[in-house]
Each structure stands twice: as structure tokens, then as C-alpha cells.
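What follows is the residue order along each chain.
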Amino acid sequence: MHWRAAAREADYGVHKIADNIVDWKALREDFPILREQAHGHPLIYFDNAATSQKPRAVIQALQHFYEHENANVHRGLHTLSSRATEAYEKARKRVAEYIGATSADEIVFTRGTTESINLVAQAWGGKFIREGDVILLTEMEHHSNLVPWQLLAERTGARLRFVPVLDDGTLDLEKLPALLTPEVKLFGFTHISNSLGTINPVGELCEKAHSVGALTLVDAAQSVGHLPLDVHELGCDFLAFSGHKMCGPTGIGALYVRKEILHSIPPWHGGGEMIVSVALEKSSFKKAPHKFEAGTPNIAGAIGLAAAIDYLDQIGRAAIFEHDSQLARYAFERLNELPQTRVFGPANERGALVGFVMDAAHPHDLTTFADQYGLALRGGHHCNQPLMRRFGVSGTTRASFYFYNTTDEIDRMIEILQKAARFFS
Amino acid sequence: MIPEIDELYQEVILDHSRRPRNFGELPDAGVRVHGDNPACGDEIHLAVKFDAGGGLEEIKFTGRGCAISQASASLMTMKLKGKSRPEAMDMLRAFRDLVTNDAGEAPKTLGDLRVMKGVRNFPQRVKCAMLPWRAVEQAFEQRAGEATVSTEPE
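In order, the protein sequences belong to chains A and B. Residues in the first sequence are numbered consecutively from 1, following our numbering. Residues in the second sequence are numbered consecutively from 1, following our numbering.
Simulated from the structure, these hints should not be mistaken for laboratory data. Note that CB positions come from ideal geometry on N, CA and C, so glycine has one too. Please note: incorrect hints may appear among the correct ones.
[Stated by the list, open to error] Between beta-carbon pairs, the in silico distance windows are:
hint : chain 1 : residue 1 : chain 2 : residue 2 : range
1    : A       : E89       : B       : A147      : 50 to 58 angstroms
2    : A       : G392      : B       : D28       : 28 to 36 angstroms
3    : A       : H143      : B       : A147      : 49 to 57 angstroms
4    : A       : K127      : B       : G54       : 53 to 61 angstroms
5    : B       : D112      : A       : E415      : 28 to 36 angstroms
6    : B       : V12       : A       : E415      : 24 to 32 angstroms
7    : B       : L14       : A       : E97       : 35 to 43 angstroms
8    : B       : L14       : A       : G126      : 25 to 33 angstroms
9    : A       : Q150      : B       : D28       : 56 to 64 angstroms
[To be verified] Taking beta-carbon pairs under 7 angstroms as the criterion, some of the chain B residues facing chain A (in silico):
hint : residue
10   : I5
11   : C40
12   : G41
13   : C66
14   : A67
[Claimed, not checked] Calculated Cβ distances over 10 angstroms to all of chain B for the following chain A residues:
hint : residue
15   : R28
16   : S103
17   : G251
18   : D365
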């Protein structure tokens, strides 16, 4: 049995009432963990921006791989090695299709978004960035799209610039022309802010960057599992994302690199898998993407990611986006009804998350309190320390959603927050 | 209500977090220690004045943080005023045991600090409770000038 067959057993087809109508409640049954309890209460999992839960189809794909196909890839001449290699490369193809890449060669498997961005900063940046060059970022970047560039700037003498964030949580695009000068070699920005929920106009930003000759890197960690996305429509040069925020396993992610620049980038990590021949003094390397994948890769992870992609595509990302946006808007409205509560980010279009602070309680106290009622929230700076400073807070509480969450759960969250407000004030 | 929550956030703790004692500036402080909890962005600025014998004559703090770190700082400053270094370090060890050790009985010498016992059920919150204590430990170490401590080793 092929690994895809294992995934098919879950039969997501049954959860569609009609062609375009998804039975969202029934989808919850695909996620065994949603039956868990926390402190004697049914689990309400609102920490999806940190990591999503995994459907049975993905768990089974992992199990199937280890039970029927496990071997190392690319080198072995035996049956299992062929199966593993075929499944691994098929997964790469599936990822390419999923984001609209031209070819599977444009997909480098990594451990996740962070490693993808570090690869660009170190391998591409190491070769092409010189003293005086500028890397343009935004004030809303996750530390993973900030620290790698700080390290590069320290090493090369390049400078960093930042597009400011307005009070409503959107980018101050009026400042862009002054920032986006010919010294800018790369413009890196997030697609959806992980603490504000802002959806950035990726297409427009890429176009403007290209007009001054800069390349673009999109951090798609919060978007790739939540909305339809096509790298050609976006027009980006690099796109980084993680599998575990889109129903896939942890420890696997990908970097998309546009074909035209793919081969100009030198290898990053050295080791097995990425070489053609090795002598004591010098080696020659495989072509991309293999030259970026030194050592035994996360084979099972890649296969699990492909299973997650199959699962999401069965539901349809347009439907997921619509569903999750409704949840986020509903949560935004309900939170705004609470007294002495400040809700961050844009009111209208937003990703599937809401960040807020309540005068009555610190985010950590709120999160500890909510957990006792089975509600998983996240309190803290969300790897966005500069952004938190920008908004004058040390941290926020964040509720982040996925398609298996419901408005009933949001109502329950509001009740719990009201209890917390009474308790702490 | 939920017993663990009631034990963690006892009325005394909520009271100290809402109205922290010894909160404010200490212009003639001999040593100032800034304590950071990078995990959540909380910070405490501790100002200490030592007496001639090296004892803790005056102690105040500012900063912002969760109820646990604020109450811990407030209760700590009340408890440590007038204490010698060995006394304060004994207190620190007893307090650390109180918030981390399941089995240990809280020594009576801790007095009011014993209300922090509920923290032991919440391992993620131990750092919040310990932050002011790490700062005061550094203040004794330092004796003069300024320093920074963090809940995360660098």
C-alpha cells in the first residue's frame, strides 16, 4: 500500500455536505487530540499560531512510512530505500504544487520557517551582501525574520531598515518609497503578522521591491496553511514556511527559491547527501535543491507534510480562509465588547488570530487562569519584542484559530475572560 | 472556583499585586539591579541601600509584570528590610524550596511569603516568583553600582 493510500482511509470527503459546503463540526473528528480534556474541561485549543493540531491522516501517514517504507533516501539500492526516496521526492513535488512553484527543484526541505530564513541570510546573503547594502524588513517581523539579518549585517557591514507599523496594525506604506532605495538588496516581510493578524499586501510589496532591483522574501508561516497562495501571483523570490502550523509534523518546513536565482546560491551546510564527489581538499556539489540538504533529511516529516497538504486541499484553502476569517472577526468584535480591553490589529481583514490586553490582568495571569478552564491561549511577546515595544506593552494575550475551532468556543473564551476580569480586579 | 487558581492567587497575593508595597524610587540607593524575564518581557528594577554592617537598610522596586512577580517583589521587600546578607540568603533558599519543592514543608521563618506556595503547582510560573529574588541576590553580590539579571542564562 502506498503512503497516500493510508491518508485516504480518513476519507475527508464525508465532511462535505455539498461540493462547496464543508461540515466544519464533523472535521473535528479527524483530530483525535480535540477529545482531550485539560483540568477536567473539554480542551479549547486557541494556540494554532504556535502550532496546529494534526489530523489522523497525517498521523497515519507517519506511521505508515515507519511501518512500510522507512530507509534512508537517495543512496540505497534496496527496495525500501527506493520507496523512501520516491515518497520523499513525491512530497517535494506536492509542496511545489501546493504553493504554485514551477518545479519541485525550487523546494528545499528545512526544519521550518526559521531555518529557511537562516539559509537565505547565510548562503545567499553571505555571497551577495556587501558593506553598505541594505536589508529592508518591517517592524512587525517575528524574531525569526529579524535575528538572521542582524547576524548577517554584523558580519558584512550591511544595514537594516524597517517599515514602520501604524496604530491600526498595518504597515505605513507611505514611508515605503523613502525606505526602498537602490541600496536595498532584499525586502523581507511577513505575509500575516503572528501577533496582530495583519495581512500584508504581498503582491504590491514584491512589485515595489523589484522596481528597485531588490529580491523579496515572504515569511508565510502564518498564511500558507490558511489561505490559497501562489508564489507566481505573489511574485516573491523566496518564501519560507513551517509544516507544523498547517497540520503537518514538527521539524519539517520548506524554502521556496525562484528558479532564476536558485543556482547562483552556494551550498549552506556541508556533509553527505549534498555532494557529487569528495576529495580530501575539495568537493563538488549536487544541484539545488539537494545541495542545500546536507545529511539525512526529515524524511517522515516531509511525507507527513505532503499528507497535511492533501488534507487541507480536500477541504479547500479558500473555504478555510473564509471560515477562519469569520472566527477572527467574531472574536475581534466580542473582545471589543469587554471593558478595559485593548484589541490589536486591523478591524476588517485579518488572519486567524486576535491579540489583546486586559487592564484587569497581565497576559500570563490570564493565560494561567484560562488554562484551568481548558482554554489554551498564549501570553507573552510572541517573538515580537520590537513590535510589543512599538505598542507600549510587554506582551499580549493571543487567541489563534484554525478551521476546527467554533464560534461556541469563542463564546466560552469570552465567558472565561469575564470571569478572569472579575477575579483579578 | 478552581482550587489551584485560588491557591495560586490567594487574596494576599492579589492585594500585593494591585497595591505593591515598597513600590517606587530610592534616590540614595547604593545599588540598582534590573531583572528581566525575556520569556514574557516582564521587568523589575530593584534599588537597595545597605547599612554600615552590610545589612539591607532600604529596598524599593519599580517595573511591571504579572501578579506573581509583582506580589513576590512586594512581599520580598517587606520581608528583607533590615536583614543581613546571610539571613537574606537563607530566606532566598527557603523561598526557592517553597515554590519548587513539592514535598518540603514551608519553614515558619518565611512568614507571609508562604502564601506563594501555590506557585509550585505551576512550574512555568516559578521564574515569575523568583525574578525579584534573583535581583536581590545580585544586589548583595554587587554591593554598589548597577547590574542586570535575567531569568534566562546567557
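These are the hints, each one checked on the structure:
no.	hint	verdict
1	A:E89 x B:A147: 50 to 58 angstroms	holds (55 angstroms)
2	A:G392 x B:D28: 28 to 36 angstroms	holds (30 angstroms)
3	A:H143 x B:A147: 49 to 57 angstroms	violated (25 angstroms)
4	A:K127 x B:G54: 53 to 61 angstroms	holds (58 angstroms)
5	B:D112 x A:E415: 28 to 36 angstroms	holds (34 angstroms)
6	B:V12 x A:E415: 24 to 32 angstroms	holds (27 angstroms)
7	B:L14 x A:E97: 35 to 43 angstroms	violated (55 angstroms)
8	B:L14 x A:G126: 25 to 33 angstroms	violated (53 angstroms)
9	A:Q150 x B:D28: 56 to 64 angstroms	violated (39 angstroms)
10	I5	holds (5 angstroms)
11	C40	holds (5 angstroms)
12	G41	holds (3 angstroms)
13	C66	holds (4 angstroms)
14	A67	holds (5 angstroms)
15	R28	holds (26 angstroms)
16	S103	holds (42 angstroms)
17	G251	holds (22 angstroms)
18	D365	violated (5 angstroms)
Hints 3, 7, 8, 9 and 18, counting from the list given before, are not met by this structure.
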